[in-house]
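Trainee: Taken in sequence, the protein lines are chains A and B. At position 329 of the first sequence (counting the first as 1) the number is 335 in my numbering, and the numbers step up by one without a gap. At position 36 of the second sequence (counting the first as 1) the number is 42 in my numbering, and the numbers step up by one without a gap.
Hints are not guaranteed to be accurate.
Stated by the list, open to error - As a list, the in silico DMTMM-like pairs of lysine to aspartate or glutamate whose alpha-carbon atoms are at most 20 Å apart:
id : chain 1 : residue 1 : chain 2 : residue 2
1  : A       : Lys210    : B       : Glu341
2  : B       : Lys210    : A       : Glu293
3  : B       : Lys210    : A       : Glu214
4  : A       : Lys348    : A       : Asp304
5  : B       : Lys210    : A       : Asp232
6  : A       : Lys210    : B       : Glu218
7  : A       : Lys210    : B       : Asp232
8  : A       : Lys355    : A       : Glu316
9  : A       : Lys348    : A       : Asp319
10 : A       : Lys210    : B       : Asp231
11 : A       : Lys210    : B       : Asp31
12 : B       : Lys210    : A       : Glu233
13 : A       : Lys227    : B       : Glu214
Stated by the list, open to error - If the Cβ cut is set under 7 Å, some of the chain B residues that face chain A in the computed set are:
id : residue
14 : Met7
15 : Asp9
16 : Tyr13
17 : Gly14
18 : Lys70
19 : Gln201
20 : Thr203
21 : Asp232
22 : Asp236
23 : Met240
24 : Cys310
25 : Lys311
These are computed hints drawn from the structure, not numbers from a lab. As the structure is a computational prediction, the values presented were derived from the model and not from experiment. Ideal Cβ positions, reconstructed from N, Cα and C, are used throughout, including at glycine.
Given next are the chains, with one letter for each unit.
2 protein chains.
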Amino acid sequence: MVDYVVYGRGCFNQLDEIIAPRRKDGRPMIFLVDHFFDGKPLVNRIPVRGNDKVIFADVTYEPKTTQVDKLSKQLKDEFGNISGVIGIGGGSTMDLAKAVSLMMTNPGSSADYQGWDLVKYPGVYKAGIPTLSGTGAEVSRTTVLTGPTRKLGMNSDFTPFDQIMLDPELAANAPANQRFYTGMDCYIHCIESLQGTYLNEFSKSYGEKALELCQYVFLQKDKWDDECDDKLMMASYAGGMSIAYSQVGVAHAVSYGLSYLLGTKHGIGNCIVMNHLHEYYKEGVDEFKRMVEKNKIDIPVGICKGLSDEQFDTMIGVSMGMKPLWENALGKNWEKIMTREKLRALYEKL
Amino acid sequence: MVDYVVYGRGCFNQLDEIIAPRRKDGRPMIFLVDHFFDGKPLVNRIPVRGNDKVIFADVTYEPKTTQVDKLSKQLKDEFGNISGVIGIGGGSTMDLAKAVSLMMTNPGSSADYQGWDLVKYPGVYKAGIPTLSGTGAEVSRTTVLTGPTRKLGMNSDFTPFDQIMLDPELAANAPANQRFYTGMDCYIHCIESLQGTYLNEFSKSYGEKALELCQYVFLQKDKWDDECDDKLMMASYAGGMSIAYSQVGVAHAVSYGLSYLLGTKHGIGNCIVMNHLHEYYKEGVDEFKRMVEKNKIDIPVGICKGLSDEQFDTMIGVSMGMKPLWENALGKNWEKIMTREKLRALYEKL
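The whole structure should be built from the sequences, with the hints applied where relevant.
Mentor: And the structure:
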């Protein structure tokens, strides 16, 4: 679990005070900030002291192991070591901050640690401050990275943040499309996990609450206001907590293939896939379509047009590799249900 | 936050493996077990190794600072130091385990640390394994102790457990009355906090989920089964988490006076008071009464009969001292609403 959680409008103002005891003599705090905020007023509110450094992270694409390795090498070269990493941004920035923290103390490449419980040492102090809600990366035990051979997280007890600050004010200026796609990451996760075969009451309680909050902000509310940001930030947190004893399903499994091959970002990728999953999640897909309509969102279509057989095979390979997701969604005999041909047909529809 | 949370039927079987890395050469693990389990089969499942010790805690009354001091002194005298304390029981046992852990490393008496952020050093390793659901003590940042001058917790960042194991099987044999009283601690807390003036979306989300789970097990279900234990254990956890940004109210404030003077245990004390709070929590009290009736529970009456003026004054003093609770319930001008006379009249009704 994350050690310290602060929630509240304006709590970002407590950052200076909260990280003060974590500063080590001469070692800087690194603020890793989503490049979306470059030139925006939030940057002036970051409590930069001494040799602290603000680095804008290019999250046009999702984090790569090469990007993590480069960033951590750059910090080691410049400072030897650092006091900590504070990630400020969406899920990609959260994951980047977690991975860089771990790679400040673990030898080799972050690609060596893609998997379960491979990380050897605790990282440097790390804090996460989400500015987009939905991924649950702020509370998860992983950091999803695209590596040389796969998209897979560094899952370990050392991965969760030491501190998170949940300040819904920071989400207020997110572009509506982006906010929706990221929010749907949470919604789709809830649909997949609550209907899945891997679930217990812990994850069910969190998943139901996250689902209810998503339904409230995307269907019941008639316009987006502060209350929506408050609730969606909690939905993301609860959705992230529910991951502990649950698993995602078809949408995530298929979406991973898209992002591996085409670099499609996770939130929008899930939406593109969800649009076509009526066969697996009937009620969820109907409700998802109502949300899309009500919030006037465009979901891209035709993104797999013109791909070669080899490219389809790559996506199918990546997707079929996500065995626990398929098993959660379709049961132990999932391979009989989701054949390569059926999956190819699904990809062609996207 | 608690660092590690395990939830699941039968997870108690993982205890040996989970605590193994926390064992320090030659220093025992102390299993502090609710005396209810003395002679019961659960005791044989405790993974006792080397010089480990099982101590049955007498929780006839709620934990006292003197009891904590005596226990920690006894352990220091016998072992010098210990690897950790594992509390197995209800809220009293949880609190006792947390307090003993802290007093193994902090000088003086536990009474010195009743308050906020007074604890100086982290305690020894501590794990909590609840066998009754409702208090939320398994996740709280406090340990409520009755001291020489007051009933007040050791609230600190060092207080939460390092590990909790939530195994609903352990709650299966709880006596129905006790299970109800303890469950009502959670239910009443939710009513008080959700209707209070101190609340944000974090605590609201948790509080609503806890409330819904309590309503399900105590009103919707027609007989008690495994699902009830599963859900009530999650209700307790969620209720405990909701405490972070919320506060209890009238029932707790009045009940604290009872427990200070008469030693009335927290759960049953809250029930005794809740029965008479229609003026403050109309719908909650109506629903509470339906739960009492449906579950065929006896709530004691007449417990303040024959008390002296001095005794009433003591209870009133303790209760009125809980300023944040009253302010949460009745607003900033609470002293104009809840006068000593009015509180005396309420105590006389109990």
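Trainee: Does glutamine 201 (chain B) pass the interface hint, meaning its C-beta sits closer than 7 Å to a C-beta of chain A?
Mentor: violated (18 Å)
Trainee: Lysine 210 (chain A) and aspartate 232 (chain B): Cα distance at most 20 Å?
Mentor: Holds, at roughly 15 Å.
Trainee: Against the 20 Å threshold, does the CA-CA distance of lysine 210 (chain A) and glutamate 218 (chain B) hold or violate the hint?
Mentor: Roughly 13 Å separates the two Cα atoms, so the pair holds.
Trainee: Under the criterion of a CB-CB separation shorter than 7 Å, is glycine 14 (chain B) in contact with chain A as hinted?
Mentor: holds (6 Å)
Trainee: Is the shortest C-beta separation between aspartate 236 (chain B) and chain A less than 7 Å?
Mentor: holds (4 Å)
Trainee: May I ask you to test the interface hint for aspartate 232 (chain B) with respect to chain A, counting a Cβ-Cβ separation under 7 Å as satisfied?
Mentor: With a minimum Cβ separation of about 10 Å from chain A (threshold 7 Å), the hint on aspartate 232 (chain B) is violated.
Trainee: Quick check on the hint: lysine 70 (chain B) CB to chain A CB, less than 7 Å?
Mentor: Nearest chain A Cβ about 30 Å off; hint violated.
Trainee: Hint check: lysine 348 (chain A) vs aspartate 304 (chain A), CA-CA at most 20 Å. Holds or violated?
Mentor: violated (26 Å)
Trainee: Is the Cα-Cα distance between lysine 210 (chain A) and glutamate 341 (chain B) 20 Å or less?
Mentor: violated (42 Å)
Trainee: Holds or violated: lysine 348 (chain A) and aspartate 319 (chain A), Cα atoms, limit 20 Å.
Mentor: holds (12 Å)
Trainee: Grab the minimum C-beta distance from methionine 7 (chain B) to chain A and call the hint holds if it beats 7 Å, violated otherwise.
Mentor: Holds, about 5 Å.
Trainee: Is lysine 210 (chain B) close enough to glutamate 293 (chain A), meaning Cα to Cα at most 20 Å?
Mentor: violated (25 Å)
In terms of the numbered hints stated before, the structure departs from hints 1, 2, 4, 11, 18, 19, 20, 21, 24 and 25, listed from lowest to highest.
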